Every structure is written in structure tokens, then in C-alpha cells.
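> Residue numbers (my numbering), protein chains in the order written: chain P, 40 to 178; chain Y, 649 to 1083.
Keep in mind the hints are simulated off the structure, nothing from the lab.
Be careful, since some hints might not be right.
In silico contact screen, one side only, chain P against chain Y (beta carbon under 7 Å); selected entries [as the list claims (entries may be wrong)]:
(1) T94
(2) I131
(3) T133
(4) G136
Restricting the straight-line Cα-Cα distance to at most 30 Å, the calculated cross-link-like pairs of lysine-lysine (DSSO-like) are [stated by the list, open to error]:
(5) Y:K978 <-> P:K109
(6) Y:K844 <-> P:K118
(7) P:K118 <-> P:K97
(8) P:K124 <-> Y:K762
(9) P:K118 <-> P:K172
(10) Y:K762 <-> P:K118
(11) Y:K1016 <-> P:K172
(12) Y:K844 <-> P:K109
(13) P:K172 <-> Y:K762
(14) P:K68 <-> Y:K762
(15) P:K68 <-> P:K109
(16) Y:K844 <-> Y:K762
(17) P:K109 <-> P:K124
(18) P:K97 <-> Y:K844
(19) P:K97 <-> P:K109
(20) P:K172 <-> P:K68
(21) P:K124 <-> P:K97
(22) P:K97 <-> P:K68
(23) Y:K762 <-> P:K97
(24) P:K172 <-> P:K97
(25) Y:K978 <-> P:K172
(26) P:K172 <-> P:K109
(27) P:K118 <-> Y:K978
Note that the structure is predicted; figures quoted are calculated from it, not measured.
Quick reminder that beta carbons are idealized off the backbone N, C-alpha and C, glycines included.
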Amino acid sequence: MKLFKQCLAALIILLPLQVMAEVVVVVGKDSPISSLSESQLRQLYLEGSGRIGGTSVKALDLPEDNRARKEFYQEAVGKTPAQMKSYWARMIFTGRGAPPRMVSGNRAMQVMLENNPELIGYLPGDQVSSGLKVLYRLP
Amino acid sequence: MQLYRSMFWGALLAGSSALYAEDPPSLNEIEKRIAQLEQGNLEPQTNWTDQISINGYLSYGITRHDVHQDQGGAPPVNFQAGQPYTFRNRVTDEISHRDISRVGLQINAEINDKTSAVVQLLGRGRDNYDAEVQWAFIDYELLEGLNWRGGRLMLPNSMHSQYLNVGYAYHWVELPGEVYDIVPFDTIDGMDLTLKFNTGSISHDLSAVYGSLDVPDNTFGVPVIYEGRDYGGINLRSRWGDLMTWFSYNHARLSADLSSLDLAFAMLGLPPPGFASASIDEAVAIGRSVGFQYDNGSFFMMAERADLDIDAWYPNRWGGYVSTGYRIGKWTPHVTWGAANTHGAADALNDGNPLTSGLALSNMVRGKSWTLGVRHDLASGIDVKLEAKRFYDMSNEKFDSVGANTNGMFSPSTLAGEIEDENPVVYRISVDAVF
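Could you put together the complete structure from these sequences and hints?
Structure representation (C-alpha cells):
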């Protein structure tokens, strides 16, 4: 019974780790962009690039199997991965846009954003490094 | 042509580093990439892969119908007498691995912040995969949200027209013929101007297109060139959350010199039927379409209607469909009802010219259909689809005249005789990929 209680306690402690950390939209510290509206964010990720406050920006994506990416698209764009895949097939092959460039993971996202003020991306809330600033927190 | 085809396939293989097919990188690969980034190789403009991207699509499909009957009639009325009935001039009751198989390869080049160039090649199985250019344009951003494109463009006739060959982009194996067979041309040489704007939370793409087209046709065994001039159109695509609406209006002057068909008869030692009198001379053609689409990620529904009116012997035609489906994990069962009808050929039927009235009667299409299908997403970027399309109500009771085609989109009854099966079925299976 004691062992059972210990296991249970361990589970309760570990449980919050299973809950997805919040996703935040970030840019490098040197980026001139200081704020971003919900509709600007949605449009940016539906077009792959755009202008925010007169600054040209390109969006970055985490890998397709990344949980933060799924959560980001559901919250920010309101679309599932399947919908986005069909959407980009339509956009690409009608020459109306290219999807955000995909980086290989959180670390690559941090490094790319820290060094390129014209890029914008998203990360799990606990992955924001000191060289980044948060523009938007997804609910 | 051989060289061209080789280049096409070479380019296709070279495209394996494309965007969609990116394999999960290994840890070593990640470390290497990060090391490169940290060493200062960070300027996107210095890396050619940021300026050039290659994407492609491929569909392998098999199709057949279930009309096990040979065409009637005899030459010179029907040169295909004794052969199986065809659906849309191509599909027979034998399995075809070529008819709906196709491959496309697209190269996008970003020239500068405001300018890009796009080339898309398409090879169709039914054309022996000979490559043809579907898109080839320069895109220039005139103002923020206002883009001009010039070159070869795909016609924006209906809601899905501009990606009609990209099987992965929709749930059917093929787009409903009731709407997508109405206009027999799919590209235009010219330009378009697109304005993106928002009204509240609704985003719009308003586009105007202008140009011309020259389409060679070999249906009768001799070349006929259909010329479209002053092709102008306007369309509006609006999005509001999960809802999308579509309107389009297109206008052109259409000409076709059919006298070469008389020459073909003369060469066979047959009396010329007088096709020259059926030539089309700058006939006004007007196309319209309206559609909507709702998709909340699991449930979707779409409907569309398209009309084409040509001021010549060619009967006016409309078609429409309503389609709905539900995504259950990787499976998407769907059902579609479609209808097509022709009307307005009274002038041709009453002008005293037996040839034009015969052409009008042969080109009449009436029919309704139910399509049941399922799509299975095998993995990201690749699917397999099955569907069966069953036709009904192909009668001629509502046509302008008796003697009209009663075989719907199959070989016309005016030439080949009536199909005995009142409910022919077309079967299709495809595997579609984008990369």
C-alpha cells in the first residue's frame, strides 16, 4: 500500500508536466516589432510572411509533429494540421504564397529568431531564451 | 520532346529536398545546423534555398466505368462504332492507369522583396506525361496587398479551378465533372491583378484577369484551334473563420474554324458534311460561378454552381453540386450530389442547318449523380482515395428538342445510340502526394 501511495504521489507531481505549456509568439530582442494583434498573427501564418507596423517579417514553423505547433495553429489560426496541409497545397500550387519556413526544433527556433530581427516564431512558454521578446501569449 | 521530358523528370528528382517531404532531422543534423547558425550563417538572403523553392504533386489513379456495351452507329456518323462507350471522351469499362494519373512540379523564385517568378509544369498520364506549362508568371507587388501577375495563368472559372490537378487539395479523386467539365480550357495567357483587403473580420481576395487563349483540339482526329480573345473576368474569394465564399464572372469572344473537319472527310473520300458552316466567329461566351465552403476541421460542406453561355450552336450549360464529409481521425467519408443540364440551343435547332442542330443535340448533357467516397490520409502529404459515382436521370424530356443526347457525359446517344444501363457507375481510386 505504501508503494501504491508513493506511486500515486509521484503521478500527481508529474501530472502537470503532461499538460501543455502555454505557447508564446516571439521575436528577437533586436526586432523593431513591439506588439502584434490576433488578426495580424492569423494573417501572417496564413500567408507565410507579411508586414507588421511597416516591417517586413517572415514566419517560422516548428516541425510538423511538434505539440506546440499543433496547439499554436489551433489557437492562433483556428485550423487543424489536416486543414493547414490542404490549405497550403491550394496556396502553393496557385502561386499565392509559401508556407512558413520550418526549423528543426525549439533550439533552432531560438537561434534563428535571436539573430534575425525580420523573423517571427512561436515557442512553448518555458523555452523563451534571454535573446527573445514575447509579443503575444496564446490563451 | 524527349529531352524536355528528361529534363522534367530530372528536375522532379532534384526536387527531393522540397518543403513537404522534409524527413525528421537526426540529432547530429540538428547540432550541425545549429552550429552553422551560431557561426553566423544567419542571413537568409545569402542562402539560395531561401530564394528558390521546389514543390510538386503527384497522383496515381485508376478508373473505369461499368457500361459493358459497345457503341452503335457507323462511320461517317460515328467513327468509334464497335468500341466501348467512353465517359468524358476517355474512360472506358477497362481499367485505365493513365487517365487520371498526373504529376506537377513547381519552381518558385523570389527575385526581390516585391517580385517573384513561378513556373509549374504538368505531365498527364493520358498525354504520355508530356510536360505542359500550367503556370508561368512574374508576380510584382504594386502596393501593399495589391499584386500584379503576368504570363500564363490557370483560369479562375470556378472555386477549385486553379488547383484542379492537385488531387491532395480536395477530398474527391476528381473534381465534380458537372461543374469542372463545363469550360474545356484551363489556362490563359495574360495577367491578373489581385487586391487583398479586410472588412472587419472578413478577409477578401478580389481579382481581375485579362488575356487570351489558343487551345488546339484533336477530338475529331484533325486539329481545330479554339481561340478566346478579350478574355476578361473578375472574382471574389472571401473568408470568415471557417466559411469561404466564391463569386466569379468571365467574358470572352470565342472563335473556331471548323473547315478543317470537311477536309478530313474529303481525304477519306467521304462527302464533306459542311462543318465550315458551323464555324464559330467571335461568339460571346459568358461564364459565371458561385460557391461556398464551410470547414471546421472535422465537418465540412461545400456547394457550387457554374454556368456557361456561348452565343453559338453550342448549348448553354449549367452544373452544380453539394458535397459534405466528416473527418474521423485519418478517414474522411464523403457524399456528393451533382446535376448538369443544357438549354438555350433553340436558335441552332431551328436555323435549318442540319449540321449545327446535330452538333447542338450531341452536345446536350443532362444528368444527376451521387458520389460516395472515402479519403484516407496515410501520412502528412499523402492520401489514398476511393469513390464511386452513380448517374441517374439522363433523360431528354426537358430538352428543347427530341433527339438530344441522353447519355449524359458518356458517348452521345446521337452518335453511338442509347446506353442500356440507366444508372452507369464510374469508379476511381487514387494515391495523391504533395512534396
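> Each of the hints needs a verdict: does it hold here or not?
Do the hints match the structure? See the list:
Evaluation of the T94 of chain P hint against chain Y yields a violated restraint, the C-beta minimum of about 12 Å exceeding 7 Å. Because the smallest distance between the Cβ of I131 of chain P and any Cβ of chain Y comes to about 5 Å, under 7 Å, the interface hint for this residue holds. At its closest, the beta carbon of T133 of chain P sits 4 Å from a beta carbon of chain Y; the interface hint therefore holds under the 7 Å criterion. Hint on G136 of chain P is violated. Least Cβ distance to chain Y is approximately 10 Å, over the 7 Å limit.
About 16 Å separates the Cα atoms of K978 of chain Y and K109 of chain P, which keeps this hinted pair within 30 Å; it holds. Our distance criterion of 30 Å between C-alpha atoms is met by K844 of chain Y and K118 of chain P, whose separation comes to about 21 Å. Our distance criterion of 30 Å between C-alpha atoms is met by K118 of chain P and K97 of chain P, whose separation comes to about 20 Å. A C-alpha spacing of about 26 Å is found between K124 of chain P and K762 of chain Y, which places the hinted pair at or below 30 Å, so the restraint holds.
With a CA separation close to 26 Å, the supplied pair K118 of chain P and K172 of chain P stays within the 30 Å bound. With a C-alpha separation of about 28 Å, the suggested pairing of K762 of chain Y with K118 of chain P holds against the 30 Å cut-off. Distance check on the hinted pair: K1016 of chain Y and K172 of chain P sit about 58 Å apart at the alpha-carbon level, beyond 30 Å; violated. Annotation: proposed proximity of K844 of chain Y to K109 of chain P holds, straight-line Cα distance about 27 Å (limit 30 Å).
Restraint check for K172 of chain P and K762 of chain Y: satisfied, since their Cα atoms lie roughly 28 Å apart, inside the 30 Å limit. The suggested pairing of K68 of chain P with K762 of chain Y holds, with an alpha-carbon distance near 26 Å, which does not exceed 30 Å. For the hint linking K68 of chain P to K109 of chain P, the alpha-carbon distance of about 25 Å falls within 30 Å, and the restraint holds. Distance hint between K844 of chain Y and K762 of chain Y is fulfilled; the C-alpha atoms sit about 15 Å from each other, no more than 30 Å.
Taken as a hint, the K109 of chain P and K124 of chain P pair is honoured in the structure, with Cα atoms around 12 Å apart against an allowance of 30 Å. Taken as a hint, the K97 of chain P and K844 of chain Y pair is honoured in the structure, with Cα atoms around 18 Å apart against an allowance of 30 Å. Only pairs whose Cα atoms come within 30 Å are accepted, and K97 of chain P paired with K109 of chain P is accepted, the gap being roughly 19 Å. As the CA atoms of K172 of chain P and K68 of chain P are separated by approximately 6 Å, the hinted pair is consistent with the 30 Å bound.
Proximity of K124 of chain P to K97 of chain P is assessed by CA-CA distance (about 19 Å); at most 30 Å being required, the pair is judged to hold. Between K97 of chain P and K68 of chain P the alpha-carbon distance is near 16 Å, which keeps this suggested pair within the 30 Å criterion. For the proposed pair K762 of chain Y and K97 of chain P, the alpha carbon gap of about 14 Å is at most 30 Å, so the pair holds. In summary, the hint linking K172 of chain P to K97 of chain P is supported, as the alpha carbons are separated by about 16 Å, within the 30 Å threshold.
Restraint check: the Cα-Cα separation between K978 of chain Y and K172 of chain P comes to about 37 Å, which exceeds 30 Å; the hinted pair is violated. Of the pairs offered as hints, the one joining K172 of chain P and K109 of chain P holds, with about 22 Å between alpha carbons and a cut-off of 30 Å not exceeded. For the proposed pair K118 of chain P and K978 of chain Y, the alpha carbon gap of about 16 Å is at most 30 Å, so the pair holds.
Figure legend: structure checked against the earlier numbered hints; hints not met, in rising order: 1, 4, 11, 25.
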